[in-house]
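K.L.:
Protein chains in written order, with this note's numbering: chain A, 1 to 113; chain B, 1 to 113.
Just so you know, the hints here were simulated from the structure itself, not pulled from any lab data. Nothing here was measured: the structure is a model prediction, and the numbers come from that model. It is possible that part of the hints are untrue.
Below, simulated DMTMM-like cross-link-like pairs (lysine to aspartate or glutamate); rule was C-alpha separation at most 25 Å, straight line [claimed, not checked]:
#: 1; chain 1: B; residue 1: Lys60; chain 2: A; residue 2: Glu1
#: 2; chain 1: B; residue 1: Lys60; chain 2: A; residue 2: Glu106
#: 3; chain 1: A; residue 1: Lys57; chain 2: B; residue 2: Asp2
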Amino acid sequence: EAQVTQNPRYLITVTGKKLTVTCSQNMNHEYMSWYRQDPGLGLRQIYYSMNVEVTDKGDVPEGYKVSRKEKRNFPLILESPSPNQTSLYFCASSLTTSGNTIYFGEGSWLTVV
Amino acid sequence: GDSVTQMEGPVTLSEEAFLTINCTYTATGYPSLFWYVQYPGEGLQLLLKATKADDKGSNKGFEATYRKETTSFHLEKGSVQVSDSAVYFCALTGGGATNKLIFGTGTLLAVQP
Numbered sequence: 001e002a003q004v005t006q007n008p009r010y011l012i013t014v015t016g017k018k019l020t021v022t023c024s025q026n027m028n029h030e031y032m033s034w035y036r037q038d039p040g041l042g043l044r045q046i047y048y049s050m051n052v053e054v055t056d057k058g059d060v061p062e063g064y065k066v067s068r069k070e071k072r073n074f075p076l077i078l079e080s081p082s083p084n085q086t087s088l089y090f091c092a093s094s095l096t097t098s099g100n101t102i103y104f105g106e107g108s109w110l111t112v113v
Numbered sequence: 001g002d003s004v005t006q007m008e009g010p011v012t013l014s015e016e017a018f019l020t021i022n023c024t025y026t027a028t029g030y031p032s033l034f035w036y037v038q039y040p041g042e043g044l045q046l047l048l049k050a051t052k053a054d055d056k057g058s059n060k061g062f063e064a065t066y067r068k069e070t071t072s073f074h075l076e077k078g079s080v081q082v083s084d085s086a087v088y089f090c091a092l093t094g095g096g097a098t099n100k101l102i103f104g105t106g107t108l109l110a111v112q113p
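With the rest of the complex left out, here is chain B (with noise of 0.2 Å):
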């Protein structure tokens, strides 16, 4: 069945430092793309979405591409702040009858002055 994998957390930086946090996938046909975010003691954000292959999904300073040929989605961002201190979940959906999200585990970042 279809899958997202994520890089594990947690991953640690300095603010103004380059993340990156990759995403693979693994699906049937033509999936969306999603990045949401978790800030601590709050629920889930969209950050951003690609749906269909080479788009760019942007957000808040946030980049991700749609890469089908590796099957990948890796979130990025060139100058991390400490307000971004949260947890990243890539998700896919088939859409389909179900429009369910498949989720990856989550990597949890925190962002140090």
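Bound conformation, chain A alone (with noise of 0.2 Å):
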């Protein structure tokens, strides 16, 4: 079954604490990103990555690092989180970026203390 799978689905952390997000997909996707889902925004573009080892900034890129050293994986890294990071993180996917689809994973809940 073609999909986006996150882990955690949730997490509560504290504050300075380091953590990272992961992202697999299956489908052989070239590009993949991560959004930030907050009330009233929408969601929000944080970073994207148009194959291995090519990352960029979204939208809202600060607190956050991402790499990519393998086409399937695509990890968010929050190395000193911080209150104003809890949010619903989504990891998304496509085979490349003219027009293709994009598959969103379940979203991950993540809440700092």
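Dock the two chains into a complex; use the hints.
P.N.:
Okay, structure coming up:
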């Protein structure tokens, strides 16, 4: 089954404790990205990657890092989480950037206290 | 920059009522337009899309027509069901290097039996 898988789905952590949200897709997609969803703001892109070893900032990259060492994986790293990073995070992927359908993971609820 | 504006919710309807959720956009060029749905506790699912003017996207009884002259992509369904209760997001992408989806803020639909 074609899917985008994120882990963990739910996490409560403390300010400053590094964490990683993993994302994996099994569709051999070149393009992957991360979004955060906040009430009243919709979804906003954090980072994206057009292929292995190629990443770039989206609209709200501050406080986040990413890496793309393998085509299927695109982890989101919060080096020193802060309460304003409490949000619902979605990983997404598509075959290429040329208007292909974008598939989303089920989301990761992150609370930073 | 590109943007999407959709009607604020919540929208509360009785079962079998007619649904319209308004969506208008601002974009340079010729974007592709999407409706995504988020059921309670789940991730985002693509509901329908349209890639050029006058295209009609349809799925599960929902329809939306890409209207370039009014820059709109309103979502409609003739007879809603309780199972349609969800948050609906209108979005656009111009493709290109980022393939970034620009989302509206989402509209909560609650259908009562």
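K.L.:
Now look at each hint and say whether the structure bears it out.
P.N.:
For each hint, the structure was consulted:
Proposed proximity of lysine 60 of chain B and glutamate 1 of chain A is supported: the alpha carbons are some 21 Å apart, at most 25 Å. Proximity of lysine 60 of chain B to glutamate 106 of chain A is assessed by CA-CA distance (about 20 Å); at most 25 Å being required, the pair is judged to hold. A hinted pair counts as satisfied when its Cα atoms are at most 25 Å apart, and lysine 57 of chain A with aspartate 2 of chain B qualifies at roughly 17 Å.
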